[in-house]
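Asks: Throw the hints in and build the complete structure from the sequences for me.
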Amino acid sequence: EAGVAQSPRYKIIEKRQSVAFWCNPISGHATLYWYQQILGQGPKLLIQFQNNGVVDDSQLPKDRFSAERLKGVDSTLKIQPAKLEDSAVYLCASSLSGVEANVLTFGAGSRLTVL
Amino acid sequence: SQQGEEDPQALSIQEGENATMNCSYKTSINNLQWYRQNSGRGLVHLILIRSNEREKHSGRLRVTLDTSKKSSSLLITASRAADTASYFCATAAGNKLTFGGGTRVLVKP
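Protein chains in written order, with the working numbering: chain A, 7 to 121; chain B, 12 to 120.
Since the hints were made in silico from the structure, they are not lab data.
This structure is a prediction, so every number in the text was calculated from the model and none was measured.
Possibly wrong hints are sitting among the right ones.
To be verified - Label pairs and their calculated CB-CB ranges:
(1) B:R52 with A:N57: 24 to 30 Å
(2) B:K37 with A:L76: 35 to 41 Å
(3) B:N106 with A:G46: 23 to 29 Å
Note that CB positions come from ideal geometry on N, CA and C, so glycine has one too.
Replies: Listed below in structure tokens is the structure:
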């Protein structure tokens with residue numbers, strides 16, 4: 007079974023520039039998550055999709071972050087304009103619906119450095 | 012905000028020793044999960060314990076849950092160098108999973 011695919015693995019940009027991350031979840035997984043993990047901390051949920059609808063985006067800084075999940079499969083997370091404090095690893099995860107809905111499979115992450 | 016808080020933040024042990032880490036949380040949960048993260052990698056699910064369970068085993072892992080104290084522990088027995096990683100507890104409430112800050116474990120050969 008293929009895992010959760012993310013790209014790019016690494017990105018370096020200057021502040022005020024924009025960046026986009028892509029995620030392809032495990033086939034058949036209805037729920038997709040984007041987490042932000044700052045160095046030395048645990049992952050923080052940014053946005054959660056069920057199919058192509060948003061379940062929770064309460065911690066997404068909507069003035070600069072946006073995310074979409076077209077056709078309920080792939081997802082993109084965009085940051086525009088980036089700030090220094092956005093330097094982090096952006097983790098995408100997916101899960102089945104139903105009783106196993108909360109067991110997440112993570113991708114390797116996209117590491118963002120904002121200079 | 013992070014629901015779970017792990018203790019200790021860091022742990023250094025010799026190969027063959029046991030490693031124990033604890034997680035405390037604040038609100039009611041459906042289940043509690045533990046994940047491992049190797050350096051530079053994504054998180055890997057280790058074990059899930061439901062709110063009506065008190066103890067669960069998986070290989071060298073043993074997890075306990077005390078809902079009255081809102082706490083859980085993860086025990087890794089007979090540790091190996093490959094167990095060097097960060098370990099995170101995550102609490103599930105509804106369809107939302109919230110992670111703690113993690114325990115960094117170093118297993119010295």
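Asks: Range hint 24 to 30 Å: satisfied by the CB atoms of R52 (chain B) and N57 (chain A)?
Replies: holds (28 Å)
Asks: Just tell me: holds or violated, for the beta carbon distance of N106 (chain B) and G46 (chain A) against 23 to 29 Å?
Replies: holds (28 Å)
Asks: Range first: 35 to 41 Å. Now tell me if the beta carbons of K37 (chain B) and L76 (chain A) are that far apart.
Replies: holds (36 Å)
Against the hints set out earlier in the document, no violation occurs for any number.
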